[in-house]
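Whole structure, please, built from the sequences with the hints as guidance.
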Amino acid sequence: MSTETRHQQKQQLQQEPPSSSPSGRNGQPAWLIVTLREVMVKAKDRGFAISTIVTLVLIVAGVVFNAYMSSRGEDFTVAITSEAGQSVVALADEEGRADDGNTTFSAIVAESEEAALEEVRAEEADAALIRGDDGSWTLTGKNEVSRGLNTGIGASLEAYMLETNAAAAGTSPEELLAGSELEESLLEGSAENQAVADVAGFAFSFLFYMASIIFGMAIANSVVEEKQNRVVEILATAIPVRQLLYGKVLGNTVLAMVQLALYGGAALLALNLTGTADLVGSIIPASGWFLVFFLFGFLILASIWAVLGSLASRPEDLSSNSTPVMVLIFAALGAGLFASGQLLVVASYMPVVSSVAMPIRMLNSEVALWEPILSLGIALAAAFALLYLGEKIYRRAIMQSGGALSLRKAMKLEQ
Amino acid sequence: MLQVQNLTRRFGENTAVDDVSFTVPSGKMTGFVGANGAGKTTTMRMIMGVLTAHAGSVLVDGRPVTADDRATFGYMPEERGLYPKQPILDQLVYLGQLHRMSQTDARSRAQDLLERFQLGDRGKDKLESLSLGNQQRVQIAASLLHRPSVLVLDEPFSGLDPIAVDSMVDLLREHTAQGVPVLFSSHQLDLVDRLCDNLVVLQKGRLVAAGTGDELRATAPRRHRLTVSPDAGWVREETAVKVIDVAGQDAVVELEHDDDAQRLLAAAMARGSVQEFSRIRPSLSEIYRGVSQ
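Protein chains in written order, with our numbering: chain W, 475 to 889; chain X, 19 to 311.
Result set (PhoX-like, lysine-lysine): computed pairs, CA atoms no more than 20 Å apart in a straight line:
1) X/K103 to X/K142
2) W/K518 to X/K144
3) X/K103 to W/K518
It is worth saying that the hints were derived from the structure and are not from the lab.
Next comes the structure, spelled out in structure tokens:
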């Protein structure tokens, strides 16, 4: 080519320079573009949207159902034949209303024992309360006497008889019972608080488990997809492969965190609306820590999943090469559900497992502030180390077509 | 201008590309030919930086190529690859953004390219719902999207129908007209003939020929066609003439020097009448066949 034509071409190039000059026109870093795409693709995925909504509905329904079950009262009708019986039922009603405000007892007055039993047979009454000739009381149901009915009537009968007998003996129930009160006090949180902590611990374990698998698999699959379809070859010429990895890990981490926040938020909202939120306060600090631990633990798992994706050559390979990470995820779930004492303390410092173990420790007992901070530090160091190592393997393995690779083979690869 | 200097790549014991050097001039189409396994794809992957070279270098406008340079290249890999389950337009926009286009620019340019390939109304369709030929067109759009400064295309015409080949050719010509160097590999020698200004021929990892059409033709054997009456059989007895073919009145001969042509013509005219005496201009595909025998 002559110098003249080359000069002309240079000029033409200057008139319309390629848009993609090294400085870049859009100014967005490559990893951010990858992150945003990961999020958008997932957000537009109908299956993902449906499963998220279904889970949300289940969470809210669970809370509402629970609240309904615990506040549901019962109404009992008891057939009686005497004034004493009527007094017992009235006393039970008073107690029932005072206790949780929802259990009521009403009496049907029957002419005779036979008539009272007939009421029960006809299901007009839940049971018949009859005093025998020897003074003993019988509560007769049709084919069962429900526990609530038995307890309510039993307690009032006891109080009624105590009063009656005391009056007959010229004393009062208070005098008879003097000195018999047993005060109760707790060294640690109440059983109710413990129950809430158990539920929260289960929720932490399970949420981490679900997210680790769902979003972890999503990362691995999106890596395999690019490798299998060779898009990665085009991507690698446009941006450094490292940025691709970071974008993927970050995008799916954001998705996992948003989903987690959504689930947590829905649960809290439902608890508040149903008026069962009074115990939730005790788990808020641990829940906050859980979010942070979740983030760090997930980052580690995300790097591992990305590497597994790069080693596979088809999505099918993932099921066989994901065993190590599944073991880790199960360890976290197991620690959350079953570990206690020393084991739980050790678990609360192991990266990934600590994501569940440390918040659970914090739910159950006092933990000094330095402990979660140290544990987070360890997790963060592990996350960095794995991301660094993962990047090395990913960069090598991602360009290899052909069969699935082992970790050792991948490390030996030349780019 | 894209230059490849002494590129070498081994896979284990096998040297896939062995000390290969050539130039892809700006504004020209350079055909990259060679049998399967000759090392074309390996060379292209090294140019794109997808594969590390064991020796040698790639230069752009005389200086070593950088990652930023490569981000401005347009590349079509041998193994086609885009996202099968994603809408076409979305993934083109994504690729454009990764090539540092703004989202709006990428979108309008992608739409533009799709329309040129009669796919303008299918932007929302998933890639996998398209026929293979149409998927190929989308692949081409992906490589041209960011107005590349250099084009490296591995078998860009395979799987295209003649109409798509024509629109592809038009698009490539638009790019060369703006001074973009284009390197493309192909097994379709007629296309190479039609399109290429330059030819680079690889054989078993080694460069066997490279240059412009004229340069290559200059090194090709000087062949002439001679048509005489009554019969051309006498050329066999002529000295300094290598006979390639004689059939009745026609003969194809190879001459060592241009001077021999005048001598041969004089001899032919002395023996009878000469209907035709012409230099045979070899096509690039003939040159390719010649060097890769």
